[in-house]
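Colleague: Protein chains in written order, with this note's numbering: chain A, 2 to 108; chain B, 2 to 108.
Please keep in mind that the hints were generated in silico from the structure rather than gathered at the bench. Hints may contain errors.
No copy is singled out in the list; a pair is fine if it fits within one copy or between any two copies.
[Stated by the list, open to error] Computed cross-link-like contacts, EDC-like style, restricted to lysine to aspartate or glutamate with a CA-CA straight-line distance of at most 16 Å:
no., residue 1, residue 2
1, 55, 26
2, 51, 73
3, 69, 92
4, 69, 86
5, 94, 26
6, 107, 75
7, 27, 86
8, 79, 26
9, 91, 73
10, 46, 75
11, 46, 95
12, 79, 95
13, 27, 75
14, 46, 73
15, 51, 26
16, 55, 92
17, 55, 73
18, 55, 86
19, 107, 73
20, 69, 95
21, 69, 87
2 protein chains.
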Amino acid sequence: MVEETPETKSRSSDSQDDHVVFVGDKPFMNYVTGVVMQFTTHSAKESVIKARGKFISKAVDIAEVATKRFLEGEVTIKNISVNSEEFKNKEGKDVRVSTIELTLTKN
Amino acid sequence: MVEETPETKSRSSDSQDDHVVFVGDKPFMNYVTGVVMQFTTHSAKESVIKARGKFISKAVDIAEVATKRFLEGEVTIKNISVNSEEFKNKEGKDVRVSTIELTLTKN
Numbered sequence: 002m003v004e005e006t007p008e009t010k011s012r013s014s015d016s017q018d019d020h021v022v023f024v025g026d027k028p029f030m031n032y033v034t035g036v037v038m039q040f041t042t043h044s045a046k047e048s049v050i051k052a053r054g055k056f057i058s059k060a061v062d063i064a065e066v067a068t069k070r071f072l073e074g075e076v077t078i079k080n081i082s083v084n085s086e087e088f089k090n091k092e093g094k095d096v097r098v099s100t101i102e103l104t105l106t107k108n
Numbered sequence: 002m003v004e005e006t007p008e009t010k011s012r013s014s015d016s017q018d019d020h021v022v023f024v025g026d027k028p029f030m031n032y033v034t035g036v037v038m039q040f041t042t043h044s045a046k047e048s049v050i051k052a053r054g055k056f057i058s059k060a061v062d063i064a065e066v067a068t069k070r071f072l073e074g075e076v077t078i079k080n081i082s083v084n085s086e087e088f089k090n091k092e093g094k095d096v097r098v099s100t101i102e103l104t105l106t107k108n
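Between the sequences and the hints, there should be enough to build the whole structure, so can you do that?
Modeller: Laid out in structure tokens, this is it:
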């Protein structure tokens with residue numbers, strides 16, 4: 002299993018899966034700031050918050066705080082999807098981990 | 002603040018917000034079984050998994066395991082919505098808690 006790094010990705014400036022924020026164990030406000038800056042500094046029309054496992058709750062909190070406190074009336078949660086990935090852990094045991102993607106979009 | 006009890010509610014048998022499962026700190030499989038039984042034993046067409054705060058990740062896991070392992074091909078996640086509630090905690094401080102609702106529906 003490859004752990005996703007909790008950092009902001011901006012691969013290029015015009016494809017739709019730009020502006021992805023992967024949620025991990027960094028401080029909560031780092032991610033909120035990361036999301037808010039996608040819209041303010043990087044002029045994104047859309048930003049996607051992705052998380053897996055125990056970080057899913059944190060991802061929802063980040064989306065709620067970004068849209069309701071910092072970008073109220075400007076950005077809303079357009080879509081939410083969940084999924085799960087199965088893989089073998091170090092002991093060779095099958096493990097399932099849930100994932101979430103919250104798509105935020107400019108009004 | 003009123004803590005939601007982690008139990009299965011089935012108020013009546015024909016209104017749409019029947020078959021609600023509130024996720025709390027009971028064992029994971031209790032909730033999975035609760036959801037699966039909504040469809041198998043109680044012949045529900047729809048079941049809603051609700052959670053708040055740190056239980057959101059668990060709610061997503063429950064939805065994934067119920068739909069992909071136990072009810073594969075029979076039930077899918079039709080809708081996901083998130084929200085947040087603000088309230089004052091014991092110390093009178095404003096606190097925000099995120100909520101999620103995952104609606105599962107028979108195919």
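Colleague: Is it within a copy, between copies, both, or neither that the alpha carbon of residue 107 lies no farther than 16 Å from that of residue 73?
Modeller: within (10 Å within a copy, 35 Å between copies)
Colleague: Within, between, both or neither: how does the pair residue 55, residue 86 come out at a Cα-Cα threshold of 16 Å?
Modeller: within (14 Å within a copy, 21 Å between copies)
Colleague: With identical chains, the pair residue 69 and residue 95 could be close in the same copy or across copies; at 16 Å between alpha carbons, which is it: within, between, both, or neither?
Modeller: Intra 38 Å, inter 14 Å, cutoff 16 Å: inter-copy only.
Colleague: Should residue 46 paired with residue 75 be assigned to within, between, both, or neither, using CA atoms and 16 Å as the limit?
Modeller: Close inside one copy (11 Å), not across copies (36 Å); limit 16 Å.
Colleague: Pop the pair residue 51 and residue 73 into one bin, within, between, both or neither, using alpha-carbon distances up to 16 Å.
Modeller: Cα proximity of residue 51 and residue 73: none, with 21 Å in one copy and 24 Å across.
Colleague: Could you figure out if residue 46 and residue 73 sit no more than 16 Å apart (CA to CA) within one copy, between two copies, both or neither?
Modeller: Close inside one copy (15 Å), not across copies (36 Å); limit 16 Å.
Colleague: If the cutoff is 16 Å on CA atoms, where do residue 94 and residue 26 land: within, between, both or neither? Let me know, please.
Modeller: neither (24 Å within a copy, 25 Å between copies)
Colleague: Please sort residue 55 with residue 73 into within, between, both or neither, judging by C-alpha distance up to 16 Å.
Modeller: Intra 27 Å, inter 24 Å, cutoff 16 Å: neither.
Colleague: If the cutoff is 16 Å on CA atoms, where do residue 55 and residue 26 land: within, between, both or neither? Let me know, please.
Modeller: both (10 Å within a copy, 14 Å between copies)
Colleague: Is the C-alpha distance from residue 79 to residue 95 at most 16 Å within one copy, between copies, in both cases, or in neither?
Modeller: Cα proximity of residue 79 and residue 95: none, with 33 Å in one copy and 27 Å across.
Colleague: My question is about residue 69 and residue 92: at a cut-off of 16 Å on alpha-carbon distance, are they close within one copy, between copies, both, or neither?
Modeller: Answer is neither; intra-copy 42 Å and inter-copy 23 Å both fail.
Colleague: Have a look at residue 69 and residue 86 and pick one of within, between, both or neither, based on CA distance no larger than 16 Å.
Modeller: between (30 Å within a copy, 11 Å between copies)
Consistency note: the structure conflicts with the earlier hints numbered 2, 3, 5, 7, 8, 9, 11, 12, 13, 16, 17.
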